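Chains as they are written, first to last, in the working numbering: chain A, 206 to 317; chain B, 2 to 112.
Since the hints were derived computationally from the structure, they do not count as laboratory data.
Predicted model, so just to flag it, every value in this text is computed and none were measured.
Treat each hint with caution, since some may be false.
Taking lysine-lysine and the DSSO-like style, the derived pairs with C-alpha atoms no more than 27 Å apart in a straight line are [to be verified]:
#, chain 1, residue 1, chain 2, residue 2
1, A, K216, B, K43
2, A, K262, B, K43
3, B, K68, A, K305
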Amino acid sequence: GAGVSQSPSNKVTEKGKDVELRCDPISGHTALYWYRQRLGQGLEFLIYFQGNSAPDKSGLPSDRFSAERTGESVSTLTIQRTQQEDSAVYLCASSPYNEKLFFGSGTQLSVL
Amino acid sequence: QKEVEQDPGPLSVPEGAIVSLNCTYSNSAFQYFMWYRQYSRKGPELLMYTYSSGNKEDGRFTAQVDKSSKYISLFIRDSQPSDSATYLCAMTQGSNYKLTFGKGTLLTVNP
């Protein structure tokens, strides 16, 4: 595809449910990032994948958050037992090794 | 004190105006400075990328970094309605992935 693709674009869920957010990076990009953007806030780093190296999970806010990446392709961000404070736009980005980031349009998550 | 401070605006200017957007930061270890533009319901896109202090110009856009004052700026000349967006500053110590972002400034350029 031409750019980073994220799905779904919008997700409404009830408090306590689990959600999965998907990211398809640009083909050939070895690095993949997840950021969170809360209303009125800057982007917060969540997790970073680079090739076959161990991911940097230092930005994940709690153990309810986890992410996986299959090789250098699709990544899934999972939030278990969602809380209202998890409501945000979740942005995925990919890049060639440590170069310019290309962001997707994000998933707007609303937890009721 | 947050690591990066950015006035969220909103900022409204007439078409053709010169726009000045600014960020201050507290971490003297930041070496790389970026400006991203984010249209509504879209992801951020990189506008300008600078290393250390100095100026960088790209068309109507000029980025300035003053490390001694921990202050960065983005100037937009001859602003256009298509420049209406949220502008986010971002910075990092040395690795591109752990960017620290400002909150963003919402700019509207009125025709």
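Cross-check of the supplied hints:
1. Between K216 (chain A) and K43 (chain B), the direct Cα distance comes to roughly 16 Å. Compliance with the 27 Å bound is thereby established for this hinted pair.
2. The hinted pair formed by K262 (chain A) and K43 (chain B) meets the criterion: a straight-line CA distance of about 25 Å does not exceed 27 Å.
3. Of the supplied pair hints, the one linking K68 (chain B) and K305 (chain A) holds, its CA atoms being roughly 22 Å apart against a limit of 27 Å.
Hint compliance for this structure: no hint is broken.
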